[in-house]
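So the sequences go chain by chain: A and B. Okay, so the first sequence: first residue is 1 according to my numbering, each after it adds one. Okay, so the second sequence: first residue is 1 according to my numbering, each after it adds one.
FYI, nobody ran anything at the bench for these hints, they're computed from the structure. Treat the hints with care, since some could be wrong.
Unchecked claim - Subject to a maximum C-alpha distance of 25 Å in a straight line, what follows is the list of computed PhoX-like cross-link-like pairs (lysine-lysine):
(1) B:Lys185 / B:Lys256
(2) B:Lys33 / A:Lys155
(3) B:Lys256 / A:Lys219
(4) A:Lys219 / B:Lys37
(5) A:Lys37 / B:Lys219
(6) A:Lys37 / B:Lys416
(7) A:Lys256 / B:Lys33
(8) B:Lys279 / A:Lys155
(9) A:Lys279 / B:Lys155
(10) B:Lys185 / A:Lys279
(11) A:Lys421 / A:Lys385
(12) A:Lys243 / A:Lys279
(13) B:Lys219 / A:Lys243
(14) A:Lys33 / B:Lys279
(15) A:Lys279 / B:Lys243
(16) B:Lys243 / A:Lys155
(17) A:Lys33 / B:Lys256
(18) B:Lys185 / B:Lys33
2 protein chains.
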Amino acid sequence: MQEQIVRIGLAGLGTVGGGLAEILRNNAEWIQKRIGKRIQIAKVLVRDLDKDRDVPPPPEAELTNSIEGLVRDPDLDIVVELIGGEEAAYRLISMALEEGKSVVTANKALLAEHGPELFQLAAERGAGLAFEASVAGGVPIVKTLKDSLAGNRIKSLTGILNGTDNYILSEMTSRGISFQEALEKAQELGYAEADPSLDVDGYDAAHKLTVLIRLASGKDYPYAELPVHGIRGIEAYDIDWAKAFGYQIKLIAQVKDRSGSLQAGVFPALIPEEDMLAKVDGPFNAVLLEGDAVGPIMLYGQGAGDLPTGSAVLSDIMDLAGSCSGASNSGFVNSAMERADILPAELTVCRHYFRFTVQDRPGVLSVLSGIMGEHNISIAQVVQKQEQNGEAVPVVFLTHAAQLKDVHNALAEIDKLSFIKARTRHHRIL
Amino acid sequence: MQEQIVRIGLAGLGTVGGGLAEILRNNAEWIQKRIGKRIQIAKVLVRDLDKDRDVPPPPEAELTNSIEGLVRDPDLDIVVELIGGEEAAYRLISMALEEGKSVVTANKALLAEHGPELFQLAAERGAGLAFEASVAGGVPIVKTLKDSLAGNRIKSLTGILNGTDNYILSEMTSRGISFQEALEKAQELGYAEADPSLDVDGYDAAHKLTVLIRLASGKDYPYAELPVHGIRGIEAYDIDWAKAFGYQIKLIAQVKDRSGSLQAGVFPALIPEEDMLAKVDGPFNAVLLEGDAVGPIMLYGQGAGDLPTGSAVLSDIMDLAGSCSGASNSGFVNSAMERADILPAELTVCRHYFRFTVQDRPGVLSVLSGIMGEHNISIAQVVQKQEQNGEAVPVVFLTHAAQLKDVHNALAEIDKLSFIKARTRHHRIL
Chain A
1 MQEQIVRIGL AGLGTVGGGL AEILRNNAEW IQKRIGKRIQ IAKVLVRDLD
51 KDRDVPPPPE AELTNSIEGL VRDPDLDIVV ELIGGEEAAY RLISMALEEG
101 KSVVTANKAL LAEHGPELFQ LAAERGAGLA FEASVAGGVP IVKTLKDSLA
151 GNRIKSLTGI LNGTDNYILS EMTSRGISFQ EALEKAQELG YAEADPSLDV
201 DGYDAAHKLT VLIRLASGKD YPYAELPVHG IRGIEAYDID WAKAFGYQIK
251 LIAQVKDRSG SLQAGVFPAL IPEEDMLAKV DGPFNAVLLE GDAVGPIMLY
301 GQGAGDLPTG SAVLSDIMDL AGSCSGASNS GFVNSAMERA DILPAELTVC
351 RHYFRFTVQD RPGVLSVLSG IMGEHNISIA QVVQKQEQNG EAVPVVFLTH
401 AAQLKDVHNA LAEIDKLSFI KARTRHHRIL
Chain B
1 MQEQIVRIGL AGLGTVGGGL AEILRNNAEW IQKRIGKRIQ IAKVLVRDLD
51 KDRDVPPPPE AELTNSIEGL VRDPDLDIVV ELIGGEEAAY RLISMALEEG
101 KSVVTANKAL LAEHGPELFQ LAAERGAGLA FEASVAGGVP IVKTLKDSLA
151 GNRIKSLTGI LNGTDNYILS EMTSRGISFQ EALEKAQELG YAEADPSLDV
201 DGYDAAHKLT VLIRLASGKD YPYAELPVHG IRGIEAYDID WAKAFGYQIK
251 LIAQVKDRSG SLQAGVFPAL IPEEDMLAKV DGPFNAVLLE GDAVGPIMLY
301 GQGAGDLPTG SAVLSDIMDL AGSCSGASNS GFVNSAMERA DILPAELTVC
351 RHYFRFTVQD RPGVLSVLSG IMGEHNISIA QVVQKQEQNG EAVPVVFLTH
401 AAQLKDVHNA LAEIDKLSFI KARTRHHRIL
């Protein structure tokens, strides 16, 4: 019997591309045992043909610096897009799909912005478009939503989707260091980019959440409309206070189905220490789902890195190389997705954490709780701390469930008061 | 366009069958949106046609009391086996596969005993044999091993696979009650059967582990050769001691790849409280995997119950009803599996917990640690407790890594000593 070979055109030989090549090299025999075929990186798209490379291309692979040379090569079975960014990746993927070539991508930013359009194109051309690696690295959350929980309506999904942010917050929590210090350490270790904005301002988590919302709900929640708050403003002091109350601060990406409307967002939140999500430390990712049939399910693992993300890319390649063809890429028969009915974040009802910085004088607590009361915010716990020096003291409130809109209105009023000495810190409690 | 219908022949309308029917009823429209087809329970196999039923059969379904009437019905597309047990289920599944009909089953006992043979038959007839629901209820561990981590060599797999046992141990831990009391509570709540042996003696976890070992390693580890220890012998007193040292006792199903040989077993073990697995409480299940590429991955969720297990059955039905046909059932191209090379449990090297019950007299510690030393067991921590009444006192040792064989030899020697007043309690530490 002739050996069956699946020929891969790989765009981008960076961290993940190198990881993929390494797994294919180490586990070639095993993969053949699984799918009965050999997977070969036959062509690699690089920017510069003559450059010295950190990751050496697989010896069998031909190099090209032309997108057309990759996607139009009739000898290639699957195109793997790992160049990242939006413009070139968009051009590459849409050209490949136009050719009827199946594509595997890890590009969450591109999917967040152009997903529906690309799924439509793939459906028209009968091509596969697989993206397990786009969310949570090696954690198989995409297939879990598409396949394993396909018969469930997902009532809520709560994720820790950015390992860099989680690493920074874990470091701040365990070592009591500042955001800036933790960020610099993350940059030293290669967890954070020189320009960390995509991570620390929450956009990367928002890209991933956008991808997951589609899989979970079958609706498109436009990325541009997602409320996003990052972790830049988190102070070590608030992490300590949260700890004292039995909470950990994590950057959360969340969507809830409220009678068919979707309430979603990316925001830092206090998580009770006994929750499984609170145990997700360092660069790890996790997704906690609530399905109407399956109940709560949690998946946990490494959200980034060459081999974990390479593992996810490979699982997509093996699916496409296997006997499943024309399976629905988006997880739904009709790839033209309705737009989600969006419930504004301001209508979110949850518990809250406030840290006021007040001038220590009589009546302060009564004024604060009075304003809270006027805005329907009921207080669960209060701690006022006696500071040694100066007259500004912290007062921390934990509230019962209250609407975000009421909270913002109350804070706007409170922060104008003369005895308030610094902007009030506010976080949601999960 | 004519509506496409997938006709299910359902064998067994008990808890899981009822759960499946309920999800199909509640989420019919949603499922159609996912796969473009309607799933209909068209025929139900029952023992007695005239009996009053707790779970009413779906109104459209025809009833039959003949296995042949179900598996030979040419109008049925998929047979779902939920009758449990071995003999009738074996006959039903093999007849259905002989007919070339795809089968979905939740029957771990049957798969543990007859899996390789049934996969072989399915492969010969080109039929599907899907079994997501056989392990860990709604937790998608089967598909994760078969698909999502297919390119990984699995270095180890550690599971909490029996919700009943985990519930009993959790109750003993949180409420300080005895095994017997916790078992009775589990029976009242319907978590445990009147004859609890399958659960508490570890056989159910061993069935599930057998299924997972095949998926993870591609080798068959015969169920009959798996070392199995249940939780019947666990005393509340040891749970308290474990807690004092910072551990939880859980029933663990584990396989490790030791240079190609497999070391596997079901046994209670002490788990450090900070580990994710230690957080798995009550009737929940979890599986922690270590893949060579993906690193550590954990899946967590409900391991039993009508809707969670129904959700897993439904995901298999949706897969088979979708466009994937002839995909490998076992996760490997060649369904004739090699037998695993088994590394005896006696060669396991790990840390250990001992509780000796000794007569309180001088020299006891020195004799105990002397015998340990002769058997290459090095001691990490010792606590001797002063008891109020009587002369028998507990002495607890935590050891460094030592071989199980050495431990058994040392204990055999120790338990013959005149100052040992009760059988020594021994557990492994994970």
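Against the structure, the hints come out as follows:
1. B:Lys185 / B:Lys256: violated (34 Å)
2. B:Lys33 / A:Lys155: Holds. Lys33 (chain B) to Lys155 (chain A) sits at ~17 Å (cutoff 25 Å).
3. B:Lys256 / A:Lys219: violated (42 Å)
4. A:Lys219 / B:Lys37: holds (19 Å)
5. A:Lys37 / B:Lys219: holds (19 Å)
6. A:Lys37 / B:Lys416: violated (59 Å)
7. A:Lys256 / B:Lys33: holds (20 Å)
8. B:Lys279 / A:Lys155: With a Cα-Cα distance of about 23 Å, the restraint between Lys279 (chain B) and Lys155 (chain A) holds, given a limit of 25 Å.
9. A:Lys279 / B:Lys155: Roughly 23 Å between the alpha carbons, so the hint for Lys279 (chain A) and Lys155 (chain B) holds.
10. B:Lys185 / A:Lys279: Not satisfied, since the Cα-Cα distance of roughly 29 Å exceeds 25 Å.
11. A:Lys421 / A:Lys385: holds (15 Å)
12. A:Lys243 / A:Lys279: Holds: Lys243 (chain A) and Lys279 (chain A) sit about 13 Å apart, inside 25 Å.
13. B:Lys219 / A:Lys243: violated (47 Å)
14. A:Lys33 / B:Lys279: Roughly 36 Å between the alpha carbons, so the hint for Lys33 (chain A) and Lys279 (chain B) is violated.
15. A:Lys279 / B:Lys243: holds (19 Å)
16. B:Lys243 / A:Lys155: With Cα atoms ~36 Å apart, Lys243 (chain B) and Lys155 (chain A) exceed 25 Å; violated.
17. A:Lys33 / B:Lys256: holds (20 Å)
18. B:Lys185 / B:Lys33: violated (42 Å)
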